[in-house]
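Can you make the complete structure from the sequences, with help from the hints?
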Amino acid sequence: MKKYFLEDGSKILIDDTKPIGSGGEGSVFKLAKNPNILVKIYSERALERMPDIEQKIKAMVSKKPGLLEYNGLTIIAWPNFVVYDEYKRFCGYVMRRVQAKNQLSHVITPGLQKTKFPNITYYDRVVIAINLAKVMGFLHQNDTIIGDINTSDFFVYPGFEIGVVDTDSFQFSSENKLFHCKVFTPDYTAPEVLEAKKKQTQEVKRIPNHDNYGLAILIFQILMFGVHPFSARIKGILGFDGNAINYTMEKEIFPYNYLSTNIIPPKNAMPYSFLPKGIQELFNRSFLKHALSNNDRPSADAWVKELKIFKDSLKKCKKDKTHFYPNHFQKCPICAREQTKDYDYLLDYFKSISKKYITYDTDRKPVVVDENNVYDETILGKIYTLKKGKQLAYFFDSKMMEKYKLNERIETIYQEHDDRSLKRVFIYPKQLIKKEGVTLGYIINHIPHLYRVNHLLKGNRIGKLKITEKAKVLMAQKIAKLFIKLERKGIPVELSELFIDQHFNPYIPDLVLLGTSDGTYQPMAFQREEYLPQEYYAMQSYQAYLKKIEDEKAKIEAEKKRLLEEARKRDLELIRSPFDPKPTKPKVVEEKTIELKTETPKVVFEFEKSHAPIKTDDIIDEVQEIIPPEVVFNPKSSQVIRYHLAVIIHTLLQDQHPFKATHKLSAKPISYFVEKNIFIHKKMFAGVELDEKTKPIEIFPLHYQKTMKRALMIKDVTDVRRPSPRSWIWSLFRLRFQLTKCRQSEYHDYPKHLISCPYCYKQDHHDHDAMRQFVKEHHRGLTFRFLSFNQIMNYLILAGGLVALIYVVNTEPIQSIQDLLNRISFAEKLETLKEWIRFDAIKDALYRFLDWLMALYQRIFGGQTP
Amino acid sequence: MIPMILLGCAIFWLVMNVLWIVLLVVRKKRQLSIPKEIAFHIKKTMKFNVAYAVVFAILGFLFL
Chain A
7 MKKYFLEDGS KILIDDTKPI GSGGEGSVFK LAKNPNILVK IYSERALERM
57 PDIEQKIKAM VSKKPGLLEY NGLTIIAWPN FVVYDEYKRF CGYVMRRVQA
107 KNQLSHVITP GLQKTKFPNI TYYDRVVIAI NLAKVMGFLH QNDTIIGDIN
157 TSDFFVYPGF EIGVVDTDSF QFSSENKLFH CKVFTPDYTA PEVLEAKKKQ
207 TQEVKRIPNH DNYGLAILIF QILMFGVHPF SARIKGILGF DGNAINYTME
257 KEIFPYNYLS TNIIPPKNAM PYSFLPKGIQ ELFNRSFLKH ALSNNDRPSA
307 DAWVKELKIF KDSLKKCKKD KTHFYPNHFQ KCPICAREQT KDYDYLLDYF
357 KSISKKYITY DTDRKPVVVD ENNVYDETIL GKIYTLKKGK QLAYFFDSKM
407 MEKYKLNERI ETIYQEHDDR SLKRVFIYPK QLIKKEGVTL GYIINHIPHL
457 YRVNHLLKGN RIGKLKITEK AKVLMAQKIA KLFIKLERKG IPVELSELFI
507 DQHFNPYIPD LVLLGTSDGT YQPMAFQREE YLPQEYYAMQ SYQAYLKKIE
557 DEKAKIEAEK KRLLEEARKR DLELIRSPFD PKPTKPKVVE EKTIELKTET
607 PKVVFEFEKS HAPIKTDDII DEVQEIIPPE VVFNPKSSQV IRYHLAVIIH
657 TLLQDQHPFK ATHKLSAKPI SYFVEKNIFI HKKMFAGVEL DEKTKPIEIF
707 PLHYQKTMKR ALMIKDVTDV RRPSPRSWIW SLFRLRFQLT KCRQSEYHDY
757 PKHLISCPYC YKQDHHDHDA MRQFVKEHHR GLTFRFLSFN QIMNYLILAG
807 GLVALIYVVN TEPIQSIQDL LNRISFAEKL ETLKEWIRFD AIKDALYRFL
857 DWLMALYQRI FGGQTP
Chain B
95 MIPMILLGCA IFWLVMNVLW IVLLVVRKKR QLSIPKEIAF HIKKTMKFNV
145 AYAVVFAILG FLFL
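Order-wise, the sequence lines are chains A and B.
One point on numbering: in our numbering, the residue at position 491 of the first sequence is 497, and numbering is uninterrupted.
One point on numbering: in our numbering, the residue at position 50 of the second sequence is 144, and numbering is uninterrupted.
Derived by calculation from the structure, the hints in this document are not laboratory data.
Just to be clear, a hint being listed does not mean it is correct.
What the hints assert, rightly or not - In the BS3-like style, the derived pairs of lysine-lysine whose C-alpha atoms are separated by at most 25 Å in a straight line are:
hint, chain 1, residue 1, chain 2, residue 2
1, B, K138, A, K782
2, A, K321, A, K362
3, A, K747, B, K130
4, A, K758, B, K137
5, A, K211, A, K140
6, B, K123, A, K782
7, A, K642, A, K689
8, A, K782, B, K137
What follows is the structure in structure tokens.
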């Protein structure tokens, strides 16, 4: 037992043999008489380290928040009295004990939950989350910020009330002073606080928005079975590995709402679709980049409100009464999770069991749309499935609808029943979906196995099937065929708008891209940077030139006016009466400008010069007074549509945009190369390197190379002549039959002019120069043709011989063949051969050559040869 | 006629082989790079050429 004193001098006895808990700051003991009252005694070191703790505790004691107890349960273990030792020195404080045994981590951590809190249902989890948000909201109302949010500072009572401990670390403001929270737990601390902590030595002033971040993480963990919201799998060399929290937290990448497929939630996570949209929205707002969020994370009150709605909407499982699940599911998702915790499986499975039916009016009969089942997404909207039937509901994106007046456009197109020349490509509407008289979308027929071409490029797959190079050529050929019609109609289509079915037929689900025949609505053109041709930049430079001329004209005009004004003033001066008072000139205050010159001392220093002439950059424009040609850019012109086609074909067959490259090792925008009319595939410009992903054009046959070059590089901007879709069809048709299968990979088809598969080589060598060298070396040249000639001749002779043999055996009797063989004896045959080959003549020639050599020897060295 | 054709074929193959030998020698001397696949096929074809030349030469001799 140890004696301590309160401020009024009254004595308290504490049982110092068994501390309830002890840490870096000190220890917590029970009061000897009442175990529900605790005393925290700071250690000497802690008191030295925290000089203002006495002041803080005193201020906290004097300003208690209203709610410390609830139905006899301690909710907040707030300091009640200051404790002194026998020398009247501050040493701690008295507080009420939070009687709950379970920490919040016992709810969150699945392993602990099974042992410590075994009968907890999902409904209870939501209640705990609500209570947690309520307590935090209450503290925020009382100008108190928790600061150091973590799972061990919150306790859960058996009735799911929440108790908060470790209150002396809270950020607390008294009337005249702010007491900072000096500690933090990285996994629950807002990124801006961590950033500020790194930069500043002073303490960071916490605001409720910082607490709201930690609160959102805790709620996420409670609702998502313990998984941290930033725990993620990051795609590495060996596939997805590691549960990276640090990386995602630092970069503020929320893996559940992250577009890239390189960072995905961990394997044991619950899919995000498990939560209703309202809750998802709050999480998205909580974990958005703090720079963008403008201190706008959902408050504790907002969480309480939304979680209450969530709690009321929970459904009870029919099979297991302890299962509660959100009402947008048809079947119990928790049953599925009990069978497997595989995130990837559950993600797909939840799609099949989640349904939310909403009835919409149409111009015929109402339809019921399953809003939870997004069939696909296009550039202008989303496609949902219907509750009944195989038709689909296409809904416009609200922003796009507003911007491009899509509802009015579709109404006009829908009325034009005659113009259906493109109905095999564009999916025509069956009915218009309306809500309060406004068209929101339309009903279309379901086309099975429709895939986005953009997706295909990611993994070279359509659905589960991996596609070959030859299939890509076929696809490009069909797209080129489609472009004949598009060119006629003046519709510039981009790759992201294209879909294909399993037979590689292209489809465009966005019917609104079409214009109307009466010209009220022109076909839509988005004019994205990737699809802007050289003409656009030429037009821009011409417009800049015109503006420059206009500016110069305006300058000249202003100068003329000024001179006239001066002349007029001079004239007035001359005709002015001498009695008139002289006009006083306004005093001009001379402004002295001080030139700050830095004189550099002259030092005799020179770099060693190379003998090699310094090459000037070919790309850098020479300053020349060239009048840019007058160019009018029309995004719906046939030449622009042909450019679109070339870009699409290039992206499809060569895996990358045709102008994606680097110059002098620095990545440049696409416009940089288009504007300068650089064909990046040929080494015509120094320092231009292809993107790593791009396939070099040298792999493809010459006719393809020529067509691509004509399409991407123009000779005269005023007279652009790009290859038509028909010439592309012809070129791709030829290419299709010039491809041969690789012996190693069934997905590789390479042009026959190469003797070995370049794609197999590319797997090991990513350098484009090595690839070009490979293509050069493996080109079918004279040697290859000669070899082929040799092999073909061999086969022909053997085949001919065989046919002759069969003929002779079938037509001639054996006797006659025997006669032919034995016509002359062996010795005579040898003689004939000798005569034929003329061994004597060869022998004579050899002797004569030997004699000639000997004579030559004698002539050079003289004397007799041995 | 028959022995002439057969022996002619044998001579054709021998000539072809001489050409291939010249090519391989030149390749080594001039250090020209011929892909491995092609070099392999050349050597294989040369072996066949020799075999055919021998067979056809014997046949030609027998039909003399």
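Going down the list of hints, with the structure as the test:
About 24 Å separates the Cα atoms of K138 of chain B and K782 of chain A, which keeps this hinted pair within 25 Å; it holds. Under the criterion of a C-alpha separation no larger than 25 Å, the hint pairing K321 of chain A with K362 of chain A is consistent with the structure, at around 14 Å. Between K747 of chain A and K130 of chain B the alpha-carbon distance is near 19 Å, which keeps this suggested pair within the 25 Å criterion. The suggested pairing of K758 of chain A with K137 of chain B holds, with an alpha-carbon distance near 22 Å, which does not exceed 25 Å.
Straight-line distance between C-alpha atoms of K211 of chain A and K140 of chain A comes to about 23 Å, which keeps the hinted pair within the 25 Å bound. Between K123 of chain B and K782 of chain A the alpha-carbon distance is near 21 Å, which keeps this suggested pair within the 25 Å criterion. For the suggested pair K642 of chain A and K689 of chain A, the alpha carbons sit about 32 Å apart, so the restraint of at most 25 Å is broken. Restraint check: the Cα-Cα separation between K782 of chain A and K137 of chain B comes to about 22 Å, which is no more than 25 Å; the hinted pair holds.
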